Amino acid sequence: MSRDRRPLALVVEDLPEVRDWLAEALAKAFDGIEVGRVGTLSEARAWLAALESGSRDAARLKMALIDLGLPDGSGIDLVRELTERHPHVLTIVATIFDDDEHLFPAIAAGAQGYLLKEQEPEALARHLRMIDEGLPPLSPSISRRMLAHFRERGALPASGAAASAGGATSAAGSAVPAARVPVEPVAARADGAPSPGAESITLSPRETEVLSYIGRGLRVGEAAKVLGLTEHTVAGYVKTLYRKLNISSRAEAALEAARRGLV
Amino acid sequence: MRLDRHRPSPGALLLLAALAGLAACVAALLWSTQQPWMGLKLSPEAEGLRIEAVSPGSPAAGLPGAQRLPGSVLRSIGPVELRPSDLIEEPDAFRSYEQIGEFLARQSTLRRALQDGPVRLGIRAADGNAFEALLSPAPSRSFGDLPPSFWFQLFCGLCALLVGVWIWVLRPFDWGARMFALTGLSFPVATISAAVYSSREIAIDGAAFRALSGMNHAGSMAFGMALIAMFLCYPKRIVEPRALLAIPALFLPWLAADLLRLMPDQDWGIRAPVLLMVLIAFGCAVKQWRMTEGDPHSRGALRWMSLSTTLGCGLFVLTTVLSKLLGWLPPLEQGYAFGFFLIVYLGIALGLRRYRLFDLDRWAFRILLWVGGALALLTLDALLLLSLRLAPAASLGLSLLVIGFLYLPARSFLWHRVVDRRRLADDELFQAVLQVAFTASSDERAQGWQALLRRMFDPLELEVLGPDPFGRRYTAHDSDRPEILRDGLAMALPAVASSPGLVLRYPWKGRELFGLAQLRLATHVVELMRHADASRDAYERGVVEERRRVARDLHDDLGARLLASLNRPDLASTRRTIREAIAEMRSVVAGLAGESQDLGACIAGLRHETASRLEAAGIELDWPLTDGVDGIRVDYRICKNLSSMHRELVSNVIRHANATRLSVAIELNDGRLRSRVRDDGVGGAVADAADSFGLRNLRRRVEELNGKVSVADARPGTLVDIELPLTAGGAR
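Residue numbers (my numbering), protein chains in the order written: chain E, 1 to 263; chain H, 1 to 732.
Hint data in this document are derived by calculation from the structure and do not stem from the laboratory.
Each hint should be verified, as a subset may be incorrect.
Label-pair ranges, simulated between beta-carbon atoms [stated by the list, open to error]: (1) A251/E with V682/H: 52 to 60 Å; (2) N706/H with G32/E: 54 to 62 Å; (3) S42/E with V682/H: 53 to 61 Å; (4) L562/H with D20/E: 18 to 26 Å; (5) A27/E with S535/H: 52 to 60 Å; (6) G32/E with T660/H: 34 to 42 Å; (7) G618/H with S42/E: 57 to 65 Å; (8) G221/E with V550/H: 33 to 41 Å; (9) T660/H with A27/E: 31 to 39 Å.
Remember, it's a predicted structure, so these values are computed and weren't measured experimentally.
Beta carbons: idealized from backbone N, C-alpha and C, even for Gly.
Kindly produce the complete structure, drawing on both the sequences and the hints.
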């Protein structure tokens, strides 16, 4: 049954042309991938339920491309459900808006990347492969929003606060800022093995720096150059930041539920 | 503005008048009962007075053989031989003053005989046998023995008084209303005095009788004079108010001559002037009828007024005066004939709403209701006190207990509900003002404002001042501040909260006047409302501006791109243009989040996007980070146009320049943002007008921001230098 070992992807998008387009990009990015296409939230849930009834099929599901504005609700709900029930599945938001208003909640819900839909299928495929390799995109507006999120919760390291988006003084071409102390606090352990707890949602100084530089307009490669790191290491930080944001928002939701007496 | 704080409020005046009327009735009642009493109901007979009935519990009922009295004829009391005319209801029936004098002398004699102790009554029984009985009259008569006509006359007088004063307290400056009120004041003088003497058992003191009859004449003539004056003033003013003095100048001497018995006889003394007055009043009404031609509003009011007045007065005159003068009409008991005047007063009260008599409307009844409620509670108090005084000592303690625990709290509750005024607490007021100010539609706002004023001042009348059909204001009130009018009876409010100017009349159902405290409160609330109005207007202007901005951006940027994409020669460039359109749309949408944006975030986003695009195109980017731009809030237009311009420039470089490297330097100096974009491509962008859409757009955007742009051939490549002011003025 070699057919059953083929990877499987789901596209949730209400516009049929865009749906086909995204499926085409998936096919370009991953050889022999099988793509399920649905147009609404309820269809997506039904599709997933059908998948879960056959256990081997569920394991084949590799990624889900989810549009945020669906006719019967927000794709964010689906992102959250997938993150909880199928943590191994890459959930990717397909959007035409890359601003923080639209994307931040999706990343907090567990999305592990986002795609701008209007790109050529080749560019889409390239981005998909990058996300699959653990190189999620990060726009300046999302970075700023993340920094603000963690700063509000006191989750920035003391030295990192100075390197926030508003505080960095160096130009991209100059060397690493002198004030930066390369001490990895206990929280940095979270980089390796994140466990849902208070320490896992504090940011390391490095992560804070990455957010800060990207928030000022540098791309991941440029930030890596400034920090004297490889592009892959910086991309790894970005991936961790996605996860921490998700854990942080889940912890907040749990706290909120406890506060309201729901748990 | 004149504020006379000693002036009582309309409600207080009406209550006062009602209490005065009640006091007059009580006085009449007490005086009528403090007369010697036999307990006989009499009617005139050919020879003496027929005994119709004997009042139970009276001295007459205690006589031996009292059962024989009904049906018998009372022939004499003491030495006085009785005549049928002794029982006459209204001495005006006598023609000459001599007859009246004799009648009054007989009354005095009879009264003395009855007062001086046991009197011998000469009686002829129904079977024709004469007998005598010795009767000791009681010193006072019981309430219950007074005939119904007594109560009816008091009732008629009170009704007239209340209706007359009611109209006047609401329209104290209207001459018509003043004269109508005068009729209402005169009428009870005539009826209450008549009630006393017409309901005597047989005799009262002659001097008192003469005084009461004089009051009756004075009241009647005053009523007639006021009636004439009213039809001279209402609905149209026929003469100046000063000229009204001619009426008493004519009739007061006449009245004096009547009271002093200087006239030839009673026909001339009282009947002729009353008849004359009614005729004059009727003549004035006819004159009014001519004058109100072409004024349907006044015509309607006049028709109703004159209908009820002529019907009421006419029927009275017909049944009393004329029946005596002409002698062929069956006379009606005068006490009940007064009832015809109720037609006048009740008619006017009922016609108020339909014909807007004296410009009053249904609301005017609320003050009557209030006075009625207050009177009822006061009467209850009086009855309670009276019953307490009469209660035996043993039950007194219990009664006090019941009163303390039940009556007083209940009364306080009732007083609060019915009589006391309710005021709005400050926080409630503030909330109410804001609620009104932020109601969506202007109609609802105007209604909410009026409802709030009703809650604040509980006015009887709320008049909306509006422009008339020709667009002129028909009111003289043009001030932009609240003003007190008519000595505190009314307050004018300027137009606020989408409502035209208003005039509130008779605050707290007419129980109080507008004073300085109310003026201050109204001024504050109007200010608050204006402030809230202005804020809301500013907000609404902002919304409109935002919509206009989005529309313009969609048209100028998105529309232009999409249009350009239609004319692209091949699919690839069409797609590229559409992608640019989507990027523009993103900027437009980003601007929806707020009016101002963070300049640092804007430049960061732009840099990020540029880096991605150039990477895909294989062009190197040199764009150092700009310091000092984070946290600077700039107008949305600056961000949007800055982004669009750079996007455009980058597109040009990618498409045409054949460059390998692009450098961007953005710096901020003295509130001016300078951006230099340089490529190392083929150059010649200045001369190359092939893609003039981009350049034209660049200039348009820079001009919109009051900035400068220069495009220089910087071999190799092109240098574009953009300078923008970041001030608000530059953002327009």
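Failing hints, ascending?
7
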